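Asker: Here is what each chain is made of, one letter per residue.
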Amino acid sequence: MNQPVKIESSEKLNASRRRFLKLGLAGAGVAAVAAGGITAIKRMEGIPHDEFPLPVRDDFKRIDQRNQINIFANSKALNDKHPERNRSFNAQLKKENLEGYKEFHFYKTRREFMTGPYRDTPGYSQLERALAVAGFSSARQQLGGGSMEAPNSGVSSWKQDMLVKNRYQFKSPKEGALAIKSAARLFGALRCGITKRDERWDYDPIYDASIERELSWDKDFPFEPKTIIVIMAEMDYHTMAAAPSWMQDGTVGDAYAHAIKTAGQLTIFLRQLGYQAVASMNDLGINAPYAIAAGLGEGARNGQVITPKYGPRVRISKVYTDIELVEYDKPRTFGVASFCLNCKRCANSCPSKAITFDEQSWEPTYSSDPDYIWHASRGVLKFHNDAKKCAKFWIDNDGSCGNCIASCPYNKPDFWHHRLVDAQNVIAPGPMHAFMREMDIFFGYGKVDDPERVRKFWKMGTKI
Amino acid sequence: MMDLTWYILGVLTGAVAYSLYLTSKNITLNWLSWSGLITGSALILFSIAWAVGSVLEGVPRAASMGILLFGLSGVIILTLTARMIASRKEVD
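Quick note, the sequences are listed as chains A and B, same order. So the first sequence is numbered by numbering that gives the first Met the number 0: it starts at 0 and just counts up by one. So the second sequence is numbered by numbering that gives the first Met the number 0: it starts at 0 and just counts up by one.
Next up, chain B with everything else stripped away, as it sits in the complex (with noise of 0.2 Å):
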């Protein structure tokens, strides 16, 4: 099971990076953008393997506090790495 999240995480990864080089054709990002995107999707991304590896293992609790701790800090990251992009864009 953890060998199929892997795989998924692989495919996950890519489509991630292809999103962020799509982004940045259109959208001229300044280093604390980047910075911002990078550590929001890679923490989403890491608060996904934690939660399957702690289910898979039988510790639930730490599933949800994976989440709660690395996923919500990934997710608020990347919310405010996109409003301080699109502040920018209607400043221009």
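This is chain A alone, in the form it adopts within the complex (with noise of 0.2 Å):
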């Protein structure tokens, strides 16, 4: 008599357990991918660190600022002073490219830089020298009309212009560092990171080119800096899609001439407050490393900063200062250095091959010869490029280049898609970077030598 009864129950059971087992596994699934995505926001917020992300060897020796590639390029004493610097280089080019070669001196050939004649190809005509004489030009009429390795010079000069006595307090750390961010998002920061002065990352000495005389910090700098506080602006991405041609220089100029007014304008706000501050573009220090330890980015193969968001597409600036009673902001890593050791599109993409292929090292892998490597860093586990390559295609080309940065896949315009591509890329293994690559490639991102893109910039005007 208990028996259908029985068998029944037991079919119920089975099929609660079933149903228990079924939502379950949805459960997993759903907490899964809510762990994968809270993983991954945390990630692209990027991890932070107590120490400065890259390994430093403890010989380690600060860089002279006569070994800046611009500043040697810039100054005939220095190129009298190193003949073997220009003669190294040359039997290397030689070495080369013996057919094609041609003899290259640094001071002499940058004398003709953004002169030669206009050319029938798309982006190399008077329109776009046009257009990156004109990007340029307020940069260099805010910086005093010099180089943007130049110090002391326009809004980056030393006196102390419109310092009040009175010592403004902040409440706190953390307010004096917000007053200064908000200050700077108000003078058209596109991002902005403060940090302990490290002087590691400064020349010693500087070196003004134009008047060919080494600055000292302790002698000639008007105060000992304690914090510096680290500026991005925004190149174009449709500019500098065009890139290597003369077009991109447009919005490398604009870009800086951002940085300077922004870093010029927080430092008379400072003084303001009665703090010391000078405004740096390229000189006093390395921007790179300053701006990874103000937390906005990571070291990458093309030798620049990426920045979430734009990538390698950003030009820093910077104000060094005596305030001290900032909060600091951590370095944060966000993956770049993994997705770089697969990726290898900027390398691919220089045209003078000065972008290494190589893993990170703490000296130069294209040589050890002294006479050739005299302007690199060593010490520091990083990619190292050959600068003098990358310099000697400026030339060649008449303009600057660009393709590090128009080819990177960090390099894209601000849309929802790419940050759903960069959630991937934090926590997708290595492997998964080198497909990454290829997709951006498929997709069409990235190209580089593309005179459509010259045509596509000219045409955007109807969209203002």
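To be clear, the hints were calculated from the coordinates, so they are not data collected in a lab. One or more hints might be untrue.
Pulled from the structure, derived: some chain A residues nowhere near chain B, Cβ distances all over 12 Å [stated by the list, open to error]:
1) Thr38
2) Pro121
3) Glu198
4) Ile267
5) Ser337
6) Arg377
7) Met431
8) Arg436
Covered stretches of chain A (chain B as the covering partner; in silico rule of three or more C-beta atoms under 8 Å from a C-beta of chain B) [what the hints assert, rightly or not]:
9) 414-422
10) 439-448
Distance condition first, Cα-Cα at most 30 Å in a straight line; then the derived BS3-like pairs of lysine-lysine [said to hold, decoys possible]:
11) Lys24/B <-> Lys11/A
12) Lys24/B <-> Lys21/A
13) Lys21/A <-> Lys88/B
Since the structure is predicted, the reported quantities are computational estimates derived from the model, not experimental observations. Just so it is clear, CB atoms sit at the ideal spot from N, CA and C, and this is done for glycine as well.
Got two chains here, each in a separate frame; can you build the complex from them with the hints?
Answerer: What follows is the structure, given as structure tokens:
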């Protein structure tokens, strides 16, 4: 009599178990997706570090600004003093391409930069030259007509004009940092980070190529800097996409103008609060490590800082100040180094083959000849590139390049779907990065040497 | 323009969800059918958002590749799911 009832309850129990299992599986799936999403969001914000995220050896020596490639190229005195540098580079050029070899001289050829004849090729006409020169004009005017590397000039003057005696006291370091960043936002900063001064990243000595003079931190600089405020300005995606044509110089120069304008205004803001401050473009110290230390991005294969959302499509300026009571930002890593290991798109796109295909190293891997690697920073575990080859291409191109920025998969316009790809990249393992690089090409991003981008730029005025 | 796209996609998502609800009232769907219908619809909606975003950012090739990769996958998944549901209905 009881048998059928038993079977029915057993079936009901099994069905209930199946339902429970299905619900459990669905729940586990939702939890896994949620956990992945949270991890991705956290990693996209960056993993904070207490110390500088790149390993630095104890024997690391500060960079002498006379060894900075643009300073050397702009200085007759330094070229006269170091003929072995030109000799060594020419020997290498001859070795690499004997048939196409043409003598190169850093100083002499630099005099002719951006003065060559217009060409028939798209991106190299009078129109693009005009855009490039106009793009740089504002930054040059702000910097007193000097180069981006010139110290103590224009808005980056060391004179403490408009400094007030009364020092404004912030209630807390956090309030101080927030006030500085809020002012930076108003003055046009795309990003702003604050870090403690780290002498390792400051040039020593500083060198002014326009007057051929060394400058000392102790004797010449007006105060002892305690804090560095790092500012980022955006370069236009569509203009940069025309790399390496002259057109991209338009946005490079324009972003320099924005970066130095913000730094200059922030300098006056600090002086009006009673703190000494000096604005700096590419002088005084190396921008990349300061931007990394201020948590704005991560060092990449192309030697630049990759910042979330904009990639390497930014220009960096700084403010050196003696304010101390501010909250410092922590350096953050976003998985860029791991991506760069597998990507190498910038190295493939580099017309002068200046960008390394090798892994991170303590020393340059392209040469160990001291007469050849005189400009290199040794003792930092990073990607070492041959800046001389890059500088030579600028001369050959009669304008700068930008291929390593335009081709980088992190260089994207600020659209929602790229954030989705970023999220995928931060949680995916290494081999997946190589796949993402291929997908980036497949989807049509990062193409360089594309005359269509030049034509497209000149039609963009319809949208204004 | 992207704001308008999000609005239209919101309406479309609502319409898809309502259609699924109506379908489930008329036909008993197993977990595989549910997964197929949801994944296929989501991929098609995603491809529309991707394509509009890509066109607006000025990279039309990314738009066409997005439609090809995500949209076509969505259509294939929906078609296979619909055929599976139809064949199960015939058996019943």
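Asker: Please go over all the hints and tell whether each is borne out by the structure.
Answerer: Hint-by-hint comparison with the structure:
1. Thr38: holds, 21 Å
2. Pro121: Since the minimum Cβ distance to chain B is about 17 Å, Pro121/A lies beyond 12 Å and the statement holds.
3. Glu198: The claim holds: Glu198/A sits with its nearest Cβ about 42 Å from chain B, beyond 12 Å.
4. Ile267: Fine: 37 Å to the nearest Cβ keeps Ile267/A off the interface.
5. Ser337: Correct as stated: the minimum Cβ-Cβ distance to chain B is 24 Å, above 12 Å.
6. Arg377: holds, 40 Å
7. Met431: holds, 16 Å
8. Arg436: holds, 15 Å
9. 414-422: holds (count 3)
10. 439-448: holds (count 4)
11. Lys24/B <-> Lys11/A: holds, 23 Å
12. Lys24/B <-> Lys21/A: Cα-Cα ~20 Å, so holds.
13. Lys21/A <-> Lys88/B: The given pair, whose Cα atoms are some 23 Å apart, holds under the 30 Å limit.
The structure meets every hint from the earlier list without exception.
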